[in-house]
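Visitor: These protein sequence lines are chains A and B, in that order. No gaps in the numbering here: position 225 of the first sequence is 225 in the working numbering, and each next residue is one more. No gaps in the numbering here: position 218 of the second sequence is 218 in the working numbering, and each next residue is one more.
Please note: incorrect hints may appear among the correct ones.
Between beta-carbon pairs, the in silico distance windows are [what the hints assert, rightly or not]:
| # | chain 1 | residue 1 | chain 2 | residue 2 | range |
| --- | --- | --- | --- | --- | --- |
| 1 | B | Glu74 | A | Lys321 | 49 to 59 Å |
| 2 | B | Glu192 | A | Glu174 | 46 to 56 Å |
| 3 | A | Val90 | B | Glu74 | 40 to 50 Å |
| 4 | B | Ala203 | A | Val160 | 33 to 43 Å |
| 5 | B | Pro26 | A | Ala180 | 45 to 55 Å |
| 6 | A | Pro163 | B | Pro26 | 24 to 34 Å |
| 7 | B | Lys199 | A | His250 | 27 to 37 Å |
To give a feel for the contact side, a few chain B residues facing chain A, derived at Cβ under 10 Å [as the list claims (entries may be wrong)]:
| # | residue |
| --- | --- |
| 8 | Ser235 |
| 9 | Ser244 |
| 10 | Ala245 |
Hints listed in this document are in silico derivations from the structure and should not be mistaken for laboratory results. For clarity, every value in this text was computed on a predicted model and none was experimentally measured. Heads up, the beta-carbon is just placed ideally off N, CA and C, and yes, glycines get one too.
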Amino acid sequence: MILLWLECDAAGVTDISLETVAFARSLAAAGGGIAIRAALIGEVPEAARDQLAAHGVDEVHHVSGPSYDAYAGAAWASALQDIRARTGCVVVAAAGSPRGNEVLAHLAARLDVPMAANVLSFSGLSPFEVTRQVAGGAALEEMRLSQRPALFTVAGHAWVATPADTPTSPAWHEESPAVAEADLLARVSARGETKEEGPGALTTARVVVGAGRGAGGPGGFDHVIELAGLLDGALGVSRVVTSLGWRPHHEQVGQTGSRISPELYIPCGISGAIQHWAGCSSSKTILAINTDAEAPMVTKAHYAVVGDMHEVVPAVVEELKRRRG
Amino acid sequence: MADEGLRVLVCVKRVPDSSSQVVLTPDQQAVDGRMAGYTVSPHEECAIELAVRLADATGGVATALSLGPGESAEQLRNALAVGCTAAVHVVADAVAFGPADVAREIAAVVKAHGDEGRGYDLVLLGNDAADTGDFQVGIRLAYALGLPVVNGVSTLEVVDGMVSAHVDGPDGAETYSVPTPMVATILEGGVEPRYPSLKGRMAAKKVEIEERSPSADPVGSHRVQLTLPPPAPSSVEILGEGPSAAAAVVDLFERLGVR
Ligand SMILES: Cc1cc2nc3c(=O)[nH]c(=O)nc-3n(C[C@H](O)[C@H](O)[C@H](O)COP(=O)(O)OP(=O)(O)OC[C@H]3O[C@@H](n4cnc5c(N)ncnc54)[C@H](O)[C@@H]3O)c2cc1C
Ligand SMILES: Nc1ncnc2c1ncn2[C@@H]1O[C@H](COP(=O)(O)O)[C@@H](O)[C@H]1O
């Protein structure tokens, strides 16, 4: 049996968690129809019930209670450990999100078994071998997970969150496993404001205009910001830009910044290093603006304009304004 | 402990610089950095900066630790050049050490120093190493030491033995209040790592690095081999050159329905 830890937001199970379910279904099928159990910890929105059925989950363990009111990695792992011990699952997986990696690493340490982060695919069941992203996606690692349970997280955007061919009607278990005091020591004790979800928010924007070293300096962002504004989009930047202090880090896209998946990404003066690509590769359409026709960002893009961003972007802004009248 | 100044250990890994071309070693067990050079992860640079600030603000000590080959001394010297004042080198072939091995070795150093009366209030690591990206050494270390751990920390303050660790969580800012001693894994973005000064570089040369041998044989990483992803064929459509491409660009916006 496979146990998945799935994350929810206000709207339901997160996309990356549903991708993990799709991966698990493929693993379950390869194993000859293994059952999939999902653990959900904390508040669960109503929509999650239908999603879990549509995506083919067989059993649901909903964990709640005073110990689970505020996030604590160790407590979350302790609940998964408890469910796993009772159900005998031989595989435990989660999304390759910050929390998914964290909770599975806790579980791995508690069970003293290996954990594979950011898995893309599996190649065999005995021995169980997986391929995962390393070096920010610049290389792939084939890893053997011989111990049981096998623990891993599924890299974002590696699988499509399609519903199951045959929906299920999952059995629902309400649970509240006890948590040791020590596992509650490192627990979220205060929250700031919730993230803005407007068009300007980088990770949810439909359009992102990117700017890299080609911006030339802290004063080189006016036109890209204007373009982003006209398109109801957000500004995203490369690490060169943040480490030179031209723009704040929360605008950084990439391996050590935000991962974006807009309808349209317009990287201007960004070379397209693998670590930047790691954060923008799931954009639906990419339009690169770069002086160098050979830059990786240009060759990987769907569309490109070869030219100086300080000339091309203002011309695009003018043309947009002209057509809007 | 507070009056004596904070004792902070920061763990850094020598990794190949992967910002340009990535090449594998002939045995396909590691990324080959001989052409591109070596560095540490941006997360670890921020961890060093936080360690130095905490030590400086309290009159404490920031110690850098690395497990790796002889050449890892370079990364320790770099940490010393930006304000760490002591360094520990566990000399070992890092490729043969899996994340559980590394955590055990760091724990062995922390315990040994603790037994000698020079234990640590805080151990800082990167959230994930830039090469193997295991996302787990810090958490395994915390369990090996029996300490609480906060993951993905941007900034932290310590007041009277209580750490406030700030994390950019999935729904917004989060704060954890955790007593020392504790472990934190750091994410890039909360602080700007400083550049080494000439004076810092000179001082770094004078520090004697404490060399140690691993406490046990490694279990290993369970790696079969590394491969490089196949290059994606380019299918780019060039809309034009220079500002004259503006009309074609806006046409594209209209086709995509984003205007
Ligand atoms: C562990 C690790 C993590 C990293 N994480 C990230 C990350 O999260 N995000 C990230 O972005 N990077 C990250 N990096 C850095 C990454 O490797 C690159 O160094 C960085 O992305 C390069 O930024 P850039 O494209 O702006 O600059 P460059 O690589 O210098 O490219 C500048 C580009 O601009 C073009 N150009 C110059 N002038 C103009 C002009 N006037 N008009 C148009 N085009 C012009 C040039 O042709 C070139 O293609 C990471 C690196 C490491 C090692
Ligand atoms: N060989 C090493 N020496 C020192 N620190 C390490 C080593 N390997 C990993 N670390 C630390 O553990 C963090 C997480 O690594 P990982 O779990 O391998 O992704 C890194 O950012 C480092 O701070």
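Visitor: Can you name, in rising order, the numbers of the hints this structure does not satisfy?
Guide: 4 and 6
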